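**Q** Here is what each chain is made of, one letter per residue.
There are 2 protein chains.
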Amino acid sequence: MPVYKAPIRDFQFVLREFLPLAANKDVAGFSDAMEMADPVLEAAASLCEDVLFPINQVGDKEGLKYSDGTVTTPTGFKEAYKAYCEGGWPSFTCDPAFGGQGLPECLNLPIMEMACSANLSFGLTPGLSHGAYNALFLHGSEEIQKRFMPKLVSGEWSGVMCLTEPQAGTDLGLVRTKAETVGDGSYKISGGKIFISSGEHDLTENILHLILARLPGAPKGTKGISLFLAPKFHVKEGGSLGERNSLRCEGIEHKMGLTASPTCVMHYDNAIGYLIGEPNKGMKAMFTMMNAARIYVGVQGLGLAEVAYQNALNYAKERLQSRALTGAKFPDKQADPIISHPDVRRMILTMRAFTEGARALAMLTAFNVDLSHRHTDPQVKQDADDFVQLMTPIVKAYLTDMGSAVANLAVQVYGGYGFIKDYGVEQYVRDARIAEIYEGTNGIQALDLTFRKLSFGSGRYLRSFFHPVDAFITEHKDNPAMAEFIKPLAKHVGYLQQASIFMATAGLKNPDDAAAGATEYLRMFSLVVFAWIWAKQAAIALKSHDSEPEFYDAKLATARFFFAKVLPGTTSLLQSITAGGKPVMNVAF
Amino acid sequence: MPVYKAPIRDFQFVLREFLPLAANKDVAGFSDAMEMADPVLEAAASLCEDVLFPINQVGDKEGLKYSDGTVTTPTGFKEAYKAYCEGGWPSFTCDPAFGGQGLPECLNLPIMEMACSANLSFGLTPGLSHGAYNALFLHGSEEIQKRFMPKLVSGEWSGVMCLTEPQAGTDLGLVRTKAETVGDGSYKISGGKIFISSGEHDLTENILHLILARLPGAPKGTKGISLFLAPKFHVKEGGSLGERNSLRCEGIEHKMGLTASPTCVMHYDNAIGYLIGEPNKGMKAMFTMMNAARIYVGVQGLGLAEVAYQNALNYAKERLQSRALTGAKFPDKQADPIISHPDVRRMILTMRAFTEGARALAMLTAFNVDLSHRHTDPQVKQDADDFVQLMTPIVKAYLTDMGSAVANLAVQVYGGYGFIKDYGVEQYVRDARIAEIYEGTNGIQALDLTFRKLSFGSGRYLRSFFHPVDAFITEHKDNPAMAEFIKPLAKHVGYLQQASIFMATAGLKNPDDAAAGATEYLRMFSLVVFAWIWAKQAAIALKSHDSEPEFYDAKLATARFFFAKVLPGTTSLLQSITAGGKPVMNVAF
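Those protein sequence lines, which keep their order, are chains A and B.
Using numbering that gives the first Met the number 0, the first residue of the first sequence is number 0, and each one after it goes up by one.
Using numbering that gives the first Met the number 0, the first residue of the second sequence is number 0, and each one after it goes up by one.
To be clear, the hints were calculated from the coordinates, so they are not data collected in a lab.
As the structure is a computational prediction, the values presented were derived from the model and not from experiment.
One or more of the hints may lead you astray.
Given that identical chains are not distinguished, each listed pair holds provided it fits within a single copy or across any two copies.
SDA-like, lysine to any residue: derived pairs with alpha carbons at most 20 Å apart [claimed, not checked]:
#1 Lys-332 x Arg-175
#2 Lys-332 x Leu-171
#3 Lys-222 x Asn-478
#4 Lys-222 x Asp-94
#5 Lys-280 x Gly-184
#6 Lys-490 x Thr-577
#7 Lys-490 x Ala-21
#8 Lys-490 x Gln-11
#9 Lys-283 x Phe-97
#10 Lys-420 x Gly-62
#11 Lys-508 x Glu-78
#12 Lys-283 x Gln-56
#13 Lys-60 x Phe-17
#14 Lys-581 x Glu-483
#15 Lys-4 x Arg-146
#16 Lys-332 x Pro-165
#17 Lys-420 x Pro-165
Let's have the full structure, built from the sequences with the hints guiding it.
**A** Written out as structure tokens, the structure reads:
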């Protein structure tokens, strides 16, 4: 049976030492976050370890029951959702005006990570509700907000995103669902949607559907798409539930993983809905949510990697097979634990270098989301948002690619047992796989980085990374204890700059030359970002070392592993990138 | 629904142009193979496409039924097995003395690949029978051979390998199953085995269990293990079935994939068996089979990659999403097929560069197996065996790692549909995963390459690769048309030599320094082997080009893709390898 223990010490490290929270304690919510961090982390850990995690394998095995438009969640999910709401978790970062607690994203991120580690199928429903909250918060009219948001914030209702149609996945410009005005300010929505996560379930009394649809005479493509809200049950004045709206779940998909998360085929038959934001500006409204959603999907990769890593490490310490190459470590046992073997250690350290690096990066990105929303200085807000814009495709794609890779490493560490359902780690591989696809495939993330983020404002987004890195290198370049990190960091930053120049130049001349290397460029960028993150963590570890040697020695060892065994990946990627478009375009299919 | 069409043209290319069959036509069986190749490939293709493939998804969905010691295979499997035997496929490479057809492995390999593509769960049973055949052929007494082999060759009976026990997976020295002599030449075998593929099923009337067990007073570890044959039903003089032996399937595992292949928990309770080979030499006997089994497992990776590639390519040509970056390719359609997009082309070409390279390598290895068995010149036999020894861990590990990677790329090309069971490609990911683990984990393959193969005979095995590569480079170095392949090949061969010297030197000083880089070394070796394979294929394509321009243009384009986008991986790997053991050993767990 798999195990999960929330990595609280590492969350504390990032919150207290890695993020400049103290230096920004005047930002709204930050001093609360610092004060409340420990009890919040402990309460969330307890919910995730004791309530959500124990029903994760149950959910995978039982799956969902679909019958005549209704979806029944697996044993324990309803009770767990109740406990989740009673803990106040749905409202954690929401605006106090709607019953929220107003806490910052950088403290919410560990909670999200823990929920993803413990039970991703469960976590998707509140995760999507939070996306719906954001859409209504940013684009809903005052009336809509008043009517729909309080029960979304409390968790009594959930919210879902309804984008995809059979012919319109990556290409949302092909959306066909229609909306017509009724005349009383509401709209009739008709059409079919697929792949609607949590589109129907039995966890909440109402479900708010946020739907992309076209108004009559709307321009073709993405410029003619509007966003609507259609509730499963109508909501009367005062907030009580009215009649059922004419929308229906026609079935659920049978999937590789996340089998306890309903992926619904939805049909809207003149369903009554309300316009959110301006007509034909639905894509823009959707994208403000999408960035948050993409970071959340990256955290799914991280969360699954963390639980996979914990189990692989436990197993590697317990499983006895063969003797260490340099002689028996435990001569009294029948064999040595496999953690003695260098190749197993390589796998375990690959997992750890990823999870701890990803955690620091995701929390740093969330911290910048907070600054961009909460800081009072417009320049600080913009700089923070620039960093978030640049990191979003990296967090989404690299963290989910590596989430799958790390889950697969856990299976490899387990050997044959990894392939057997009872042991639980193969589920992480299956659950992790979709995160590389949804909320924009990782190929789309690479194109976003290459064509939108790279060139924006003559490199303004890029500078939000290169400037702090340069400053960090300058700060530490005369510290001999940091030389082992600073020298390779500077070298690989140089490679990344070469690659960036190639991509920017190639992209202008022939976009195929840039697009052909986009995935490798995103991977290379991610490795250099992680090198910076690990060098920063190493600098802290050197400084704080004597206060807790065991913890900081582990950080330093993991940083060294990353620099020795993972970071060298950039040099090969640089060659693949600069090969340009010909090797993929000069082929007839 | 997924599709599969046997890649007959590519098999023919390898058989007729890539392998030096014609130059060796005097070797027993080779001229038969050349003559019969086309009808054999067509007959096997028809069986795989029309009989095995249509029940692959059925098998995955239905799975197996276990009840009171019996295992029922899914709908259609019994009929398919009957058709398989009626086609004479079990006896294809077997010795005519036992009813076999005596055909070479290099022609059998395409058949194995097709069966793996079409239905791996099905293919495992005959695959394991062939392993049992090899064990009895090489190590069985004349009496045993006469009694058991003809029905194994005809497929009426099947055979299985019983190695693993709960405490003894990678480390077979920990095997505890016991065997005691009865006095009449037979033995009583008692103990439990796990992970026994096809240990029990309803496809054949008898199952021959080849079991590793210990005789009384046997030395500890692998030097005290003997190999026994225990049939499910006793076999009377004359070959008819007698009473049931005291062995029993106690249950089957619930697995991530290969759900139609029974993975059995077996219990032997004084089961009557016969010694195969010498007492305490069971590991040696097992290893003669294991090499063949490892090549076969590599082919599983290839077969799944091929069917995944075919489906991804079809989907990419049909699925319409977004416009090509350089302008609409099909302005009359609602969008362009996704094969227009560079990142999708990168994925498709990654898949093709692997499958076609792996096919050529696997068939070349099989051809050398044939030479090592069938050639009359002892030096040729030894050289061929050296090549097989060196390539076995590469074929096993690289082809299965990439089998998983390519199956995952197919899911990525499909996007959301890839995650849905109906579309069939996610099954390839699940089915492929175990091949990286069984028959020696890929980490074990890397150690085999590093510690056994690298140093053998002062580099004798290594020379079986480097000598032909050097000869190939010399042959083509003045051909300007080949310069684009020969120059990078020579450069990367140089890198591999650097890595090999590091590994050999490090391994002597401190084995941890070599073991820490073993997985990267195997990967790097594989890339350089593939570079050689692709350069050879390119040379043929240039020569034969005008006879079939479309086919050979595709070969050249794929070779160019491999050199531009895949081969550069070696430079990063070289850095990781030469980082040595410290980054993984200097960590406390």
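**Q** Work down the list of hints and note, for each, if the structure agrees.
**A** Tested hints:
no. : hint              : result
1   : Lys-332 x Arg-175 : between (66 Å within a copy, 15 Å between copies)
2   : Lys-332 x Leu-171 : between (60 Å within a copy, 15 Å between copies)
3   : Lys-222 x Asn-478 : neither (54 Å within a copy, 55 Å between copies)
4   : Lys-222 x Asp-94  : neither (30 Å within a copy, 70 Å between copies)
5   : Lys-280 x Gly-184 : within (17 Å within a copy, 85 Å between copies)
6   : Lys-490 x Thr-577 : both (18 Å within a copy, 18 Å between copies)
7   : Lys-490 x Ala-21  : neither (31 Å within a copy, 53 Å between copies)
8   : Lys-490 x Gln-11  : neither (31 Å within a copy, 48 Å between copies)
9   : Lys-283 x Phe-97  : neither (24 Å within a copy, 73 Å between copies)
10  : Lys-420 x Gly-62  : both (14 Å within a copy, 14 Å between copies)
11  : Lys-508 x Glu-78  : neither (57 Å within a copy, 59 Å between copies)
12  : Lys-283 x Gln-56  : neither (38 Å within a copy, 41 Å between copies)
13  : Lys-60 x Phe-17   : neither (39 Å within a copy, 48 Å between copies)
14  : Lys-581 x Glu-483 : between (38 Å within a copy, 14 Å between copies)
15  : Lys-4 x Arg-146   : neither (39 Å within a copy, 57 Å between copies)
16  : Lys-332 x Pro-165 : between (58 Å within a copy, 16 Å between copies)
17  : Lys-420 x Pro-165 : between (32 Å within a copy, 16 Å between copies)
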